[in-house]
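There are 2 protein chains.
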Amino acid sequence: MMNTETLPCNVKFMIEGEEEVGSESLEGFLKSNRKKLACDVILISDTGILANDIPSITTGLRGLSYVEVEVTGPNRDLHSGLYGGAVANPINILSKMIASLQDENNRVTIPGFYDDVETLSMEERAEMAKAPFNLEDYKKALEISDVHGEEGYSTMERNSIRPTLDVNGIWGGYTGEGAKTVIASKAFAKISMRLVPGQDPDKITKLFCDHFQNIAPKSVKVKTMPHHGGMPYVSPTNDNGYKAASMAMEQTYGKKPVPVRSGGSIPIVALFEQELKVKSILLGFGLDSDAIHSPNEHYGLFNYFKGIETIPLFYKYYTELKKSNDF
Amino acid sequence: MMNTETLPCNVKFMIEGEEEVGSESLEGFLKSNRKKLACDVILISDTGILANDIPSITTGLRGLSYVEVEVTGPNRDLHSGLYGGAVANPINILSKMIASLQDENNRVTIPGFYDDVETLSMEERAEMAKAPFNLEDYKKALEISDVHGEEGYSTMERNSIRPTLDVNGIWGGYTGEGAKTVIASKAFAKISMRLVPGQDPDKITKLFCDHFQNIAPKSVKVKTMPHHGGMPYVSPTNDNGYKAASMAMEQTYGKKPVPVRSGGSIPIVALFEQELKVKSILLGFGLDSDAIHSPNEHYGLFNYFKGIETIPLFYKYYTELKKSNDF
Numbered sequence: 001m002m003n004t005e006t007l008p009c010n011v012k013f014m015i016e017g018e019e020e021v022g023s024e025s026l027e028g029f030l031k032s033n034r035k036k037l038a039c040d041v042i043l044i045s046d047t048g049i050l051a052n053d054i055p056s057i058t059t060g061l062r063g064l065s066y067v068e069v070e071v072t073g074p075n076r077d078l079h080s081g082l083y084g085g086a087v088a089n090p091i092n093i094l095s096k097m098i099a100s101l102q103d104e105n106n107r108v109t110i111p112g113f114y115d116d117v118e119t120l121s122m123e124e125r126a127e128m129a130k131a132p133f134n135l136e137d138y139k140k141a142l143e144i145s146d147v148h149g150e151e152g153y154s155t156m157e158r159n160s161i162r163p164t165l166d167v168n169g170i171w172g173g174y175t176g177e178g179a180k181t182v183i184a185s186k187a188f189a190k191i192s193m194r195l196v197p198g199q200d201p202d203k204i205t206k207l208f209c210d211h212f213q214n215i216a217p218k219s220v221k222v223k224t225m226p227h228h229g230g231m232p233y234v235s236p237t238n239d240n241g242y243k244a245a246s247m248a249m250e251q252t253y254g255k256k257p258v259p260v261r262s263g264g265s266i267p268i269v270a271l272f273e274q275e276l277k278v279k280s281i282l283l284g285f286g287l288d289s290d291a292i293h294s295p296n297e298h299y300g301l302f303n304y305f306k307g308i309e310t311i312p313l314f315y316k317y318y319t320e321l322k323k324s325n326d327f
Numbered sequence: 001m002m003n004t005e006t007l008p009c010n011v012k013f014m015i016e017g018e019e020e021v022g023s024e025s026l027e028g029f030l031k032s033n034r035k036k037l038a039c040d041v042i043l044i045s046d047t048g049i050l051a052n053d054i055p056s057i058t059t060g061l062r063g064l065s066y067v068e069v070e071v072t073g074p075n076r077d078l079h080s081g082l083y084g085g086a087v088a089n090p091i092n093i094l095s096k097m098i099a100s101l102q103d104e105n106n107r108v109t110i111p112g113f114y115d116d117v118e119t120l121s122m123e124e125r126a127e128m129a130k131a132p133f134n135l136e137d138y139k140k141a142l143e144i145s146d147v148h149g150e151e152g153y154s155t156m157e158r159n160s161i162r163p164t165l166d167v168n169g170i171w172g173g174y175t176g177e178g179a180k181t182v183i184a185s186k187a188f189a190k191i192s193m194r195l196v197p198g199q200d201p202d203k204i205t206k207l208f209c210d211h212f213q214n215i216a217p218k219s220v221k222v223k224t225m226p227h228h229g230g231m232p233y234v235s236p237t238n239d240n241g242y243k244a245a246s247m248a249m250e251q252t253y254g255k256k257p258v259p260v261r262s263g264g265s266i267p268i269v270a271l272f273e274q275e276l277k278v279k280s281i282l283l284g285f286g287l288d289s290d291a292i293h294s295p296n297e298h299y300g301l302f303n304y305f306k307g308i309e310t311i312p313l314f315y316k317y318y319t320e321l322k323k324s325n326d327f
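Residue numbers (the working numbering), protein chains in the order written: chain X, 1 to 327; chain A, 1 to 327.
The shape of chain X in the complex, shown without the other chains:
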């Protein structure tokens, strides 16, 4: 390991704990601390690598639009025998509305949804397809017989360069043990869309809410409640930040890292760029199998120590590159 007694450059730390709930306070904090936070490059370690023997650097993130919906049928829960068949059941209606949001090719049907989607060239897609990926291992790890996604795109493309629509939660009616013959008054769902470069979360949220109102039959009332969203992000691979990260990883892993687009969202990255005019380098060390946001989330010691070794080297190479550029 390198001698870390002295730092080759100044380092400022910013620690925030609101990321998973929309970082509501962050924008105000950035606006009022622009001077204090001024810097040449931002380093974030909230991403992963392809595998412990395949280092990688994340060069793109998807954005997010997240809307909670409420469908109301009758003004109270009803007996399904006396009313069944005669009134709109909000759970059946919500299911139909959700089903209609994707067509038979698993494309999102919201008018205008794909209008601003950045289209990658066949060359770029061919380059992406070189990243190691084994579909059989992927299916085995998730215990699924088949993958499922937008027609015309590979699994790796579906979860990185293409936007999505997923229901993150649904509830309504009787959910306890046994049988209860009730028609619920209300049904609810949390629906999120991952966005790709070009798509604006506010615009997409509006398109979703308008469309969801439009497709509701007259027999129900619909409410849409947007939660916090986030902008998609792409970072260059030809600047000092990326080069320094690549050199640091190459030294600790013994291999040049692969640039990859991630399907996740880190809303603060777009916010940093907007407020501080600085790009972020996404140099993380986790693995897909860490089960993030799932039960038994974990982080390997190997990855933890690789991070400790790699990050000081990033400081070193970034400083060297910057100095050589300055002359």
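If several chains are the same, the list does not tell them apart, and a pair holds so long as it fits within one copy or across any two.
Once the Cα atoms are required to be at most 30 Å apart in a straight line, the calculated DSSO-like pairs of lysine-lysine come out as:
id : residue 1 : residue 2
1  : K218      : K139
2  : K323      : K255
3  : K180      : K140
4  : K36       : K323
5  : K221      : K140
6  : K180      : K203
7  : K140      : K223
8  : K139      : K223
9  : K180      : K96
10 : K96       : K206
11 : K255      : K12
12 : K180      : K279
13 : K203      : K96
14 : K96       : K221
15 : K130      : K218
16 : K96       : K223
Think of the hints as simulated: they come from the structure by calculation, not from any bench.
Fit chain A to the supplied structure of chain X, relying on the hints for placement.
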């Protein structure tokens, strides 16, 4: 009121508290107490009247088939950014499967579902249509802009002589406050079908389960778990039981009661007929607005006292009719 110091006939009471959970112990009890329970007619007061000034007697009940379903996608909850778009989301899939169970005319799409449905003649339907019903009042009471049901049938037909399919409960994923970007491993629903004369609950349950497995895409696994069902029921309007009930009501309400088919299910009625070979008279006094199975369920004092007045008269007229028949 009549003098109730002496009963004109013998009365046996059978009280059971399992009706809302499928009456699991009842069949065995009936089988082993056939002699003790032997009788000429069974009187059940678990139904209602059309209005306090429109007495009615229930002459038909719908049957019930009730199945709980579980759809499993990946083997664990996943991060919707990293996996969204690439794997089957069990909530989206369940929504699509539920949506497909009814077509654009709100007819159930399960193959064979309507095969055994008793078809009423236009004359019978015209007779039914004479029962007082005001669609605007119905919509106003439920605060809905429109009713919703099978094309080609009136609201009163939809909730009595036609079978239905309703989701009674649905759940999956994150249902707490705020936003969580998760793809659930599993999604669940409780789905029930109200059946009409001719339809057999066991057969319909099997048709449902087979169909639900058939429409599942390869990317998910589906489990179906039937709950207790019940046979549909129709009672004659030309026998002593019905006549006695009609005479009793006419005396206490000052009006001849209307025979009506109810959309609800009382599984013990079919069980009584099967085990005791006796028809039941459904002489109830509740109102639609009692909100049964709903919050704030209630029962009017007027209806309570009308029942107390009417039932002894039923005993009286039934005994008189039986005696006159016996001679």
